[in-house]
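Q: Take a look at the letters that make up each chain.
Number of protein chains: 2
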Amino acid sequence: MTGTNFDVLGIGNAIVDVLSRTDDAFLAANGLAKGSMALIDDDQAVTLYAKMGPGVEISGGSAANTIAGISSFGGKGAFIGKVRNDQLGDVFAHDIRSIGVDFSTAAATSGPQTARCLVLVTPDGERTMNTFLGASQNLSVDDIEENQIARAHTLYLEGYLWDPAQAKEAFLKAAKFAHKAGRQVALTLSDAFCVDRYRDEFRNLLKQDVDILFANEAEITSLYEVSDFEEAAKQAQIECKLAVLTRSEKGCVILKDNERHEVPALKVDELVDTTGAGDLFASGFLFGLTQERSLTDCGRLGVLAASEVISHIGARPETSLNDLAKSHGL
Amino acid sequence: MTGTNFDVLGIGNAIVDVLSRTDDAFLAANGLAKGSMALIDDDQAVTLYAKMGPGVEISGGSAANTIAGISSFGGKGAFIGKVRNDQLGDVFAHDIRSIGVDFSTAAATSGPQTARCLVLVTPDGERTMNTFLGASQNLSVDDIEENQIARAHTLYLEGYLWDPAQAKEAFLKAAKFAHKAGRQVALTLSDAFCVDRYRDEFRNLLKQDVDILFANEAEITSLYEVSDFEEAAKQAQIECKLAVLTRSEKGCVILKDNERHEVPALKVDELVDTTGAGDLFASGFLFGLTQERSLTDCGRLGVLAASEVISHIGARPETSLNDLAKSHGL
Numbered sequence: 001m002t003g004t005n006f007d008v009l010g011i012g013n014a015i016v017d018v019l020s021r022t023d024d025a026f027l028a029a030n031g032l033a034k035g036s037m038a039l040i041d042d043d044q045a046v047t048l049y050a051k052m053g054p055g056v057e058i059s060g061g062s063a064a065n066t067i068a069g070i071s072s073f074g075g076k077g078a079f080i081g082k083v084r085n086d087q088l089g090d091v092f093a094h095d096i097r098s099i100g101v102d103f104s105t106a107a108a109t110s111g112p113q114t115a116r117c118l119v120l121v122t123p124d125g126e127r128t129m130n131t132f133l134g135a136s137q138n139l140s141v142d143d144i145e146e147n148q149i150a151r152a153h154t155l156y157l158e159g160y161l162w163d164p165a166q167a168k169e170a171f172l173k174a175a176k177f178a179h180k181a182g183r184q185v186a187l188t189l190s191d192a193f194c195v196d197r198y199r200d201e202f203r204n205l206l207k208q209d210v211d212i213l214f215a216n217e218a219e220i221t222s223l224y225e226v227s228d229f230e231e232a233a234k235q236a237q238i239e240c241k242l243a244v245l246t247r248s249e250k251g252c253v254i255l256k257d258n259e260r261h262e263v264p265a266l267k268v269d270e271l272v273d274t275t276g277a278g279d280l281f282a283s284g285f286l287f288g289l290t291q292e293r294s295l296t297d298c299g300r301l302g303v304l305a306a307s308e309v310i311s312h313i314g315a316r317p318e319t320s321l322n323d324l325a326k327s328h329g330l
Numbered sequence: 001m002t003g004t005n006f007d008v009l010g011i012g013n014a015i016v017d018v019l020s021r022t023d024d025a026f027l028a029a030n031g032l033a034k035g036s037m038a039l040i041d042d043d044q045a046v047t048l049y050a051k052m053g054p055g056v057e058i059s060g061g062s063a064a065n066t067i068a069g070i071s072s073f074g075g076k077g078a079f080i081g082k083v084r085n086d087q088l089g090d091v092f093a094h095d096i097r098s099i100g101v102d103f104s105t106a107a108a109t110s111g112p113q114t115a116r117c118l119v120l121v122t123p124d125g126e127r128t129m130n131t132f133l134g135a136s137q138n139l140s141v142d143d144i145e146e147n148q149i150a151r152a153h154t155l156y157l158e159g160y161l162w163d164p165a166q167a168k169e170a171f172l173k174a175a176k177f178a179h180k181a182g183r184q185v186a187l188t189l190s191d192a193f194c195v196d197r198y199r200d201e202f203r204n205l206l207k208q209d210v211d212i213l214f215a216n217e218a219e220i221t222s223l224y225e226v227s228d229f230e231e232a233a234k235q236a237q238i239e240c241k242l243a244v245l246t247r248s249e250k251g252c253v254i255l256k257d258n259e260r261h262e263v264p265a266l267k268v269d270e271l272v273d274t275t276g277a278g279d280l281f282a283s284g285f286l287f288g289l290t291q292e293r294s295l296t297d298c299g300r301l302g303v304l305a306a307s308e309v310i311s312h313i314g315a316r317p318e319t320s321l322n323d324l325a326k327s328h329g330l
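As you go down the protein sequences, you meet chains A and B in turn.
Okay, so the first sequence: first residue is 1 according to this note's numbering, each after it adds one.
Okay, so the second sequence: first residue is 1 according to this note's numbering, each after it adds one.
Excised from the complex, chain A in its bound form (with noise of 0.2 Å):
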């Protein structure tokens, strides 16, 4: 597209992970809903942490592990997030830029440590989150620099976001921005516990500021408080611009004006680790849009890499996602 320099500039909670191997019973024993995220305060975090057995430290966030994604596919990504000027934060940071992600927001100076999710992945692979906003709660609308969101294709923005207070406005000036520009503004509903934080504005933005919107199954019957995905499927047909459901095992349901797309889900040899499965399905969809790709080869590479990122540790893809779509005629 003329005049943009980035692909897809995602703002999003910048984070980094704490993963650890645990069983049900530690989850049920710390009250923990599995599958899902919780926002845990410094206390209950030192609490958790000292809880858990050893973790391995990775660089997350959702929509920052989207735009690695965007990287690893080829495209030039961008992210928008607050650390703090930690050990944690130049962790944070090294990692996104060193894949060639501009990420250029300032750094906490004060306040807050850096964000961590302290993820405890399951013997099944399913992984629940526990997340210390930190520095994160920091980010605010100087962050956002409209001549920089003018320059995305596409701008990305995590339903995480809404719990930080002041981010939540630096999401909706940005999406200003991007429109203003004639960009197209994204977003994913993030968790069905989000959803049920935030459903009303949520249901509002979706009609008005979002192009595309990403949920899957149990966040988007929670955004129409329905129990069938086919009748929250009918509600997202019509109060969303395009709609992409994905459904784990059972792939993924795109939905734009009358159309309806639907792409399997691929077999995976050995299911690790479930972390960042939506964030990379986001990647390779969003990716294919800025290619000017078929919906139904953008949601074939969002299987595809959401496919690489369960079969390891960690929410960011190990192998080019630029080869993998290769091999397979993508």
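If you are wondering where the hints come from, they were derived from the structure by calculation, not from laboratory data.
Any given hint could be a false lead.
The list makes no distinction among identical chains, and a pair is therefore deemed to hold if it is satisfied within one copy or across any two copies.
Stated by the list, open to error - Pairs of lysine-lysine residues, derived as DSS-like cross-links and limited to a Cα-Cα distance of at most 30 Å, are as follows:
no. : residue 1 : residue 2
1   : 168       : 51
2   : 326       : 267
3   : 180       : 267
4   : 250       : 180
5   : 326       : 51
A quick note: this is a predicted structure, and the numbers were derived from the prediction, not measured.
For this one, chain A is given, so just place chain B on it according to the hints.
A: This is chain B only, laid out in the frame that chain A set:
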């Protein structure tokens, strides 16, 4: 053994590893000697890190990895090493304590940051290490308590400890306390370049203060300045009480008095990352000794632990070595 609370007490540099995949060209372009450990200062660490790809942070440190292995075998381990009171120091302390290891060395409250090792892993699974010693350099005789040393069946020391100037004194003091209490002192030579830096001191140490020596082929030939492994082995048999020489895919050679035992290596399905292979070999061997197993059984336990750690990223076991030993009839 009567009067002991710990099977093995390790003293070493307390390090967080930053593992990153790279290729041989990157090593060559940056003048890095493949498979070895180089010491780097803060500036060099910043420069190399900036050039590296995205990383994964995992607790490491040679002796610390060995003690983690002791714990995984079901033994009781203790570790002495110095971190700074910073985020990576918290990570190191959490990870080692969370597996039941006694770690009570006070963190430094000033001075350099917690030690980091930039570990570059090439496609053949070989690791090339660049260590910023940081807070490790502040380990001193004040961190050694006679009472704790006396309560461990075996004291285990890494040759890398010779690099931070003060740590050597701590090392010698600990060895004295161990022998005074009638305990065993084990040493690993750590790295061929490390041997080259301290050859004479190590040779004296082996004659006087060390009961069990661990070395790989490059280290033992460097120690005795010979090119042939068998010549080095002959020398070790004369000068060491018990020498355990590891030879990668050729397994290990155990030399004691006039005895010589050989244990073959185990076939590994996929060699992913050799980081920690020597450290975990020592875990198995030392754990066997604390259980009064035969020398060949000790070697088998060492080989088994090494085979586990090279089958995944990171230098600490991901599966229970106790279960693994049982499933191998050990």
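Q: Take the hints in turn and mark each one as holding or not.
A: Consistency of the hints with the structure:
1. 168 to 51: neither (33 Å within a copy, 34 Å between copies)
2. 326 to 267: within (18 Å within a copy, 33 Å between copies)
3. 180 to 267: For residue 180 and residue 267, the Cα distance exceeds 30 Å both inside one copy (41 Å) and across copies (61 Å).
4. 250 to 180: Classified as neither; 37 Å inside a copy, 67 Å across copies.
5. 326 to 51: Answer is between: at 27 Å across copies they meet the 30 Å cutoff, but 44 Å inside does not.
The structure fails to meet hints 1, 3 and 4 from the earlier list, while all remaining hints are met.
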